[in-house]
Every structure is written in C-alpha cells, then in structure tokens.
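Start from chain A and add chain B according to the hints.
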Amino acid sequence: MSRMLGLDPERVRGAAAVIENQVVGLEMIQAQIVGAQALSMNPLGMLPGSLVIAPWSLSQASAAYTDIVLAKGSARELAAKLRAEAATQEFVSSAADASYETGVAWRVPDARDVPQLRPDDFLPGPLDLIERIWDGVGFVDEWVGRLESWIGFGFDAFKLWAPDAISRFDQWWKTLPDWVRGISRLGKIIPVLGTVIDAVDLGLLLRDGFVDGDWDIPGLIRVGGSLLIDTASLIAAATGVGLPLTVVLQGAGILWDIGWIIGEHVADIVEHPQEYVEFLEGNWWWYIPVMPLAGPIVMPFIDLGE
Amino acid sequence: MNLLSMAGMSVAVAQVRMSEAMLRGTVQGLIGPGGWQGADADRFEAEWESLVSARLLSAARRLESIDLNPFN
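Residue numbers (my numbering), protein chains in the order written: chain A, 1 to 306; chain B, 1001 to 1072.
Just chain A, with the same shape it has in the complex (with noise of 0.2 angstroms):
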C-alpha cells in the first residue's frame, strides 16, 4: 500500500480532528428530527394549526436520520484512517530502512457500506445526559416533554399493532388505585406510565419468555430492573419525598433503558435491519421504549398500511 509520501502528519491529524468535530454538529439535527417526529405522531398538548410533519412524510424523516447516522460512522471511520496514515507515515518516515506493515489497511466496504457504529451515533450525547441529570427542575422539565411525546409515540404504535395487549392494559390500568391515575391526571405521567408500561412488559415475558428450554434472562434483568426503578419513582413522586430524588430515580430509569437499549440493540438493528423489523411487527409491545430510538432506523422499512 502506498503511503501518505510527501504529506505532513501534522496537517492529517488536523484534518482528522476537524472531521471528527463537525460530525458531532449533525447531533443536534438527529435529535430535531427525533422530537419532530414523535411530536406528529402524538400531537397532544399542541395547539390547533400547529405544524406537525405529515403522516405520508413521516418515512422521509427516519430515512434522513439513518442517513445522517451512517454518514457519521463511515465519517468517522474515514478519519481514524486518516490517523492511522498519518502514524504510519511518521514511523516510515523515521526509520532508516525498515519495511512496516502497520496492519492497518483500508477496509474493504462491504456490499451495504455500513460501517461500525457507536451508541452516541444514535443519540445525542448521552454522556451529556448524564452530565444534566442533577439540574433537577431544568432536566425535568425538558425531558418531562420529550419522554411524554416518545411514550405517546410508543402507545399509537401500541394501539395500532397491539389490540389484544391494550385491552390487557386497560383492565390492568384500572386495577390502580384512584391516586396513581389521579398523578396521571396531574401531569405526572412519567413515573406512572413508565411504571405500567415495564408491568405489562415483565408479565409478557414471563408468560412467553421461556424459549427453547430457557428463559429470556436478558430481557427479564431488562424489565425488571427498569421497572423496580419506575416503582420507586413512582412512589418518591406520589409521597412527595423530594423532586432531587424523583429526578435522579426518573433519569436513572432512562438511563438503564437507554444503556441496556444501546447494549443489547444497536448491532441488531444495524447489522440484521430487515429481522429487527420482522420481529417488532409481531412484538411491538415488547419494545414501547425502545421504539423511540429504533423507530428511526427501522420505520422506512416498516409496511404501515396494517
């Protein structure tokens, strides 16, 4: 393989860094487009005339976001290339008469040109999130908004593919006591919702998580753990004992799904698209949360004409 010759390493690295910055700039668009998206499917709490994105045009939004996060993959596989040259060209150029075989060699693309994607590909820095958790009013208050318009998005999914499992829910909802639907009344649906949402989803798994001889522990930690963590912030919310912790137990809930929805999920939805879709449209209800960060990947693929 021919080298950098001539090229300073110097101004590879720089060109590198600035690609890897500017790659980071398209977050704030992904994360727009994601908002926009979830607010026209469920547009309650907007004002009649307010513009939402149009239901035909609603693909044409998830395809410019995966377009967007496979050009940032690929961008940033580019430039750690551009490193790896720009390191081997400054060993050649030190050595006196030394052959090296870096081992690092272009990647031959293969026939979908996909390349390695990262979690923060998809989302817009969720270390970031983690860095905002403790502005207790500010971080409820925007994520308040955005996880009612992704559970909102969740339900139109969940009602339109999942009769049987709305029912289910609805007899379920209205085994609750008056002052947990009273909450919801209030506004403070987070806790509540999420709560209910993890309970249908952890008697689902355990009625059918036992596959093949073995239980789908993954997903039992999975549910289970989020839905002990909307549990207790559904009762620190309900009894009052402090919005500080009710925001920490709200964000340590998001960030247990987002983590585990990350983990488990980006290869699959990256790497086998066309399953991923198969299996969600027989098992929606198994992915509410989920669906908010996969949908934008997976809905150009998904035929919405049921």
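Hints listed in this document are in silico derivations from the structure and should not be mistaken for laboratory results.
Everything numeric in this text was worked out from a predicted model, so none of it was measured.
Even glycine gets a Cβ: it sits at the ideal position worked out from N, Cα and C.
Don't take each hint at face value.
[To be verified] Beta-carbon label-pair distances, calculated as ranges:
#, chain 1, residue 1, chain 2, residue 2, range
1, A, 11, B, 1069, 44 to 52 angstroms
2, A, 46, B, 1050, 38 to 46 angstroms
3, B, 1054, A, 8, 25 to 33 angstroms
4, B, 1011, A, 80, 26 to 34 angstroms
5, B, 1025, A, 49, 19 to 27 angstroms
6, B, 1029, A, 55, 42 to 50 angstroms
7, A, 56, B, 1029, 36 to 44 angstroms
8, A, 20, B, 1010, 25 to 33 angstroms
9, B, 1042, A, 47, 32 to 40 angstroms
10, A, 47, B, 1022, 19 to 27 angstroms
[To be verified] Partial pick of chain A residues on the chain B-facing surface, computed with a CB cut under 10 angstroms:
#, residue
11, 36
12, 49
13, 50
14, 55
15, 57
16, 60
17, 61
18, 63
19, 68
20, 70
21, 82
22, 85
23, 87
[As the list claims (entries may be wrong)] Below are the SDA-like pairs computed for lysine to any residue, each with C-alpha atoms no more than 25 angstroms apart in a straight line:
#, chain 1, residue 1, chain 2, residue 2
24, A, 81, B, 1030
25, A, 81, B, 1034
26, A, 81, B, 1069
27, A, 81, B, 1017
28, A, 81, B, 1029
29, A, 81, B, 1070
30, A, 81, A, 25
31, A, 81, B, 1038
Chain B alone, transformed into the frame defined by chain A:
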C-alpha cells in the same frame, strides 16, 4: 431550532448541506496537487463521496421533501 416550522426545516436542510460542504472541503484540502496523491488518495476520496457526502446530501433532500401540515 424548531423543525416543525417552514423556517426551521429550511435551517435544518441548510445546516446539513453546510456540514457536508465543510467536511468535503476538509477532505479536498488534503488531496490533490501538493498534497496526498495516488491510488490510496483516490480511493479515500471515492469512499468519502459515496459513504459520507452522498448520505448527507440524501438526508438534506429528504428533509426538504417533508410536508408539514397544520394539526387540527
């Protein structure tokens, strides 16, 4: 920036196009006479065009094609 407005959507499209132009400019600054030349440079540029530029321009076109309707 609120994407759910004509102005907001236009700004988003412009930002995606601008990001693509700046990234491409950075790459082109490395490649060519006086810089990186040869088969590897050509391959890098071709990969950049197909894997980054084309996708970002596609994203911009898709955002441009989105219809916004009033919520009733």
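Hints, verified against the model:
For residue 11 (chain A) and residue 1069 (chain B), the hinted distance range of 44 to 52 angstroms is satisfied, since their beta carbons lie about 49 angstroms from each other. At roughly 39 angstroms, the beta-carbon separation of residue 46 (chain A) and residue 1050 (chain B) lies within the given 38 to 46 angstroms, and the hint holds. The hint said 25 to 33 angstroms for the Cβ distance between residue 1054 (chain B) and residue 8 (chain A), and at roughly 29 angstroms that hint holds. At roughly 31 angstroms, the beta-carbon separation of residue 1011 (chain B) and residue 80 (chain A) lies within the given 26 to 34 angstroms, and the hint holds.
A hinted range of 19 to 27 angstroms is violated for the C-beta pair residue 1025 (chain B) and residue 49 (chain A), which are about 41 angstroms apart. Hint check: residue 1029 (chain B) to residue 55 (chain A), Cβ distance near 43 angstroms, so the stated range 42 to 50 angstroms holds. For the hinted restraint 36 to 44 angstroms between residue 56 (chain A) and residue 1029 (chain B), the CB-CB distance of approximately 41 angstroms keeps it satisfied. A C-beta distance of roughly 27 angstroms is found between residue 20 (chain A) and residue 1010 (chain B), which places it inside the suggested range of 25 to 33 angstroms.
Take residue 1042 (chain B) and residue 47 (chain A): their Cβ atoms lie about 54 angstroms apart, and the range 32 to 40 angstroms is violated. Evaluation of the 19 to 27 angstroms hint for residue 47 (chain A) and residue 1022 (chain B) yields a failure: the beta carbon distance comes to about 37 angstroms. Taking 10 angstroms as the C-beta cut-off, the interface hint given for residue 36 (chain A) holds, the closest approach to chain B being about 4 angstroms. Residue-level restraint check for residue 49 (chain A) holds (minimum Cβ-Cβ distance to chain B is 5 angstroms; threshold 10 angstroms).
The closest approach between the C-beta of residue 50 (chain A) and any C-beta of chain B is roughly 5 angstroms, which is under the 10 angstroms cut-off, so the hint is satisfied. Residue-level restraint check for residue 55 (chain A) holds (minimum Cβ-Cβ distance to chain B is 8 angstroms; threshold 10 angstroms). With 10 angstroms as the threshold, the beta carbon of residue 57 (chain A) comes within range of chain B, its nearest partner Cβ sitting at about 4 angstroms, so the hint holds. A least Cβ separation of about 5 angstroms between residue 60 (chain A) and chain B falls short of the 10 angstroms threshold, and the interface hint therefore holds.
Taking 10 angstroms as the C-beta cut-off, the interface hint given for residue 61 (chain A) holds, the closest approach to chain B being about 6 angstroms. With a cut of 10 angstroms, the hint placing residue 63 (chain A) at the interface with chain B holds, because the nearest CB-to-CB distance is about 5 angstroms. For residue 68 (chain A), the shortest C-beta to C-beta distance to chain B is roughly 5 angstroms, which falls under 10 angstroms, so the interface hint holds. Residue-level restraint check for residue 70 (chain A) holds (minimum Cβ-Cβ distance to chain B is 5 angstroms; threshold 10 angstroms).
Evaluation of the residue 82 (chain A) hint against chain B yields a held restraint, the C-beta minimum of about 8 angstroms falling below 10 angstroms. The interface hint given for residue 85 (chain A) holds, since its Cβ lies 8 angstroms from the closest Cβ of chain B, which is under the 10 angstroms cut-off. Hint status for residue 87 (chain A) relative to chain B: violated, with the closest Cβ pair at about 15 angstroms, above 10 angstroms. Between the alpha carbons of residue 81 (chain A) and residue 1030 (chain B) the distance comes to roughly 13 angstroms, so the proposed pair stays at or under 25 angstroms and holds.
For the given pair, residue 81 (chain A) sits about 20 angstroms from residue 1034 (chain B) by alpha-carbon distance, which is consistent with the 25 angstroms threshold. The suggested pairing of residue 81 (chain A) with residue 1069 (chain B) is violated, with an alpha-carbon distance near 44 angstroms, which exceeds 25 angstroms. Restraint check: the Cα-Cα separation between residue 81 (chain A) and residue 1017 (chain B) comes to about 24 angstroms, which is no more than 25 angstroms; the hinted pair holds. Restraint check for residue 81 (chain A) and residue 1029 (chain B): satisfied, since their Cα atoms lie roughly 16 angstroms apart, inside the 25 angstroms limit.
Distance hint between residue 81 (chain A) and residue 1070 (chain B) is unfulfilled; the C-alpha atoms sit about 46 angstroms from each other, more than 25 angstroms. Straight-line distance between C-alpha atoms of residue 81 (chain A) and residue 25 (chain A) comes to about 21 angstroms, which keeps the hinted pair within the 25 angstroms bound. Of the pairs offered as hints, the one joining residue 81 (chain A) and residue 1038 (chain B) holds, with about 16 angstroms between alpha carbons and a cut-off of 25 angstroms not exceeded.
The structure does not agree with the numbered hints 5, 9, 10, 23, 26 and 29 stated previously, though it agrees with the rest.
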